[in-house]
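Trainee: Sequence:
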Amino acid sequence: MKLDPSRAAGHWVNWSSMRTVVILSKPQKEELCVLIPELILWMRAHGLNPVLDPVSGNYTRDAPVVPRHEMAALGPELAIVLGGDGTLLAAARALAKSDIPILSVNLGSLGFLTEVRLADLYPTLEAWCENCSTMDSRAMLHVEIQRDGKVESEYEALNDIVVSKGAIARMGDFTVKLAGQLAASFRADGVIVATPTGSTAYSLAAAGPILAPDVDALVITPICPHLLTLRPIVVRGDAEVSVSVEGIPDQTYLTVDGQEAVQLRVGDELHCRRSKYCVKLVRMKPPAFFDVLRAKLKWGER
565 MKLDPSRAAG
575 HWVNWSSMRT
585 VVILSKPQKE
595 ELCVLIPELI
605 LWMRAHGLNP
615 VLDPVSGNYT
625 RDAPVVPRHE
635 MAALGPELAI
645 VLGGDGTLLA
655 AARALAKSDI
665 PILSVNLGSL
675 GFLTEVRLAD
685 LYPTLEAWCE
695 NCSTMDSRAM
705 LHVEIQRDGK
715 VESEYEALND
725 IVVSKGAIAR
735 MGDFTVKLAG
745 QLAASFRADG
755 VIVATPTGST
765 AYSLAAAGPI
775 LAPDVDALVI
785 TPICPHLLTL
795 RPIVVRGDAE
805 VSVSVEGIPD
815 QTYLTVDGQE
825 AVQLRVGDEL
835 HCRRSKYCVK
845 LVRMKPPAFF
855 DVLRAKLKWG
865 ER
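The sequence shown runs 565 to 866 under the numbering used here.
Hints listed in this document are in silico derivations from the structure and should not be mistaken for laboratory results. Nothing here was measured: the structure is a model prediction, and the numbers come from that model. Ideal placement from N, C-alpha and C gives every residue a C-beta, glycine not left out. It cannot be assumed that every hint is accurate.
Think about it this way: if two alpha-carbon atoms lie no more than 30 Å apart in a straight line, the pair counts; the simulated BS3-like pairs of lysine-lysine are [unchecked claim]:
#  : residue 1 : residue 2
1  : Lys-862   : Lys-741
2  : Lys-741   : Lys-729
3  : Lys-862   : Lys-593
4  : Lys-714   : Lys-729
5  : Lys-862   : Lys-849
6  : Lys-590   : Lys-849
7  : Lys-714   : Lys-840
8  : Lys-862   : Lys-590
9  : Lys-844   : Lys-661
10 : Lys-741   : Lys-849
11 : Lys-844   : Lys-862
12 : Lys-590   : Lys-844
13 : Lys-849   : Lys-593
14 : Lys-593   : Lys-840
15 : Lys-860   : Lys-844
Using C-beta positions, here's what the derived DEER-type ranges look like [stated by the list, open to error]:
#  : residue 1 : residue 2 : range
16 : Pro-631   : Val-779   : 16 to 22 Å
17 : Leu-682   : Leu-792   : 44 to 50 Å
18 : Val-598   : Ala-733   : 41 to 47 Å
19 : Leu-746   : Ala-771   : 20 to 26 Å
20 : Leu-605   : Gly-744   : 20 to 26 Å
21 : Asn-695   : Ala-776   : 37 to 43 Å
22 : Cys-788   : Pro-628   : 43 to 49 Å
Just need the whole structure built from these sequences, with the hints factored in.
Mentor: This is the structure:
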């Protein structure tokens, strides 16, 4: 679908200085060959300075290209994400520490998080320019790998972290603690620690509960536990959750938002808690969570 960049403008806005906006895109989307050049023209006409990630830079040479991990240093006022939920998850982690609001446009298949339709891109962008848009704040999860008493590495996740076995289809022995106190020890294929946003992702597929995005909580969901009595649990948002796998006779991984994978070692312990960072999603109107559930996941349909 071809969009007219001036269709939603209404009037040109003159800014005393150029406001930097970064654009992050999903690879191999044919519509971006037309959309990104049009978007750059629209942005410049509205006093915005576009900066592209390397993927977006494949579709035009009319704007500077900067690696994603360097974008926050530019001090952008907005990030536009063109893609699906996976593109948004990657962008959220890349920009997590910068407090940059994200306008995410759905070019993917599901679009559970990327609620802005392509047809609504320019009206939503203009609303943001005029300070008439709303912000949907989503909590993130912080996870640390502790090895030999030290923090080996740390990550931020918007959806979830998963500890699971690798190539061999066999169960692991997991121990979960809350604030240092034993919560459960069990055999399973893995365990998920999810944010409210992530409660509708892998955790839901593993029979976890759905949490509204504004609930201050975390979900701990075992994956195929070998216990009839073990079920997912919801804990306070400020809870300290630790997960360890006993033995690790073969490959065991930490996966962050289904996109980053780190192999664990014997004795590693994961410490999860609510992140001090959050993701701010730009919307035209306040989100209607259950409308999205019905539209995307057929929630409550008979």
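Trainee: Determine for every hint whether it applies to the structure shown.
Mentor: Now for the hints, and whether the structure bears them out:
no. : hint                          : result
1   : Lys-862 / Lys-741             : 35 Å, violated
2   : Lys-741 / Lys-729             : 20 Å, holds
3   : Lys-862 / Lys-593             : 27 Å, holds
4   : Lys-714 / Lys-729             : 23 Å, holds
5   : Lys-862 / Lys-849             : 22 Å, holds
6   : Lys-590 / Lys-849             : 25 Å, holds
7   : Lys-714 / Lys-840             : 20 Å, holds
8   : Lys-862 / Lys-590             : 26 Å, holds
9   : Lys-844 / Lys-661             : 12 Å, holds
10  : Lys-741 / Lys-849             : 40 Å, violated
11  : Lys-844 / Lys-862             : 26 Å, holds
12  : Lys-590 / Lys-844             : 20 Å, holds
13  : Lys-849 / Lys-593             : 27 Å, holds
14  : Lys-593 / Lys-840             : 34 Å, violated
15  : Lys-860 / Lys-844             : 21 Å, holds
16  : Pro-631 / Val-779: 16 to 22 Å : 35 Å, violated
17  : Leu-682 / Leu-792: 44 to 50 Å : 47 Å, holds
18  : Val-598 / Ala-733: 41 to 47 Å : 45 Å, holds
19  : Leu-746 / Ala-771: 20 to 26 Å : 23 Å, holds
20  : Leu-605 / Gly-744: 20 to 26 Å : 56 Å, violated
21  : Asn-695 / Ala-776: 37 to 43 Å : 27 Å, violated
22  : Cys-788 / Pro-628: 43 to 49 Å : 48 Å, holds
Checked against the numbered hints listed earlier, the structure breaks hints 1, 10, 14, 16, 20, 21; every other hint is satisfied.
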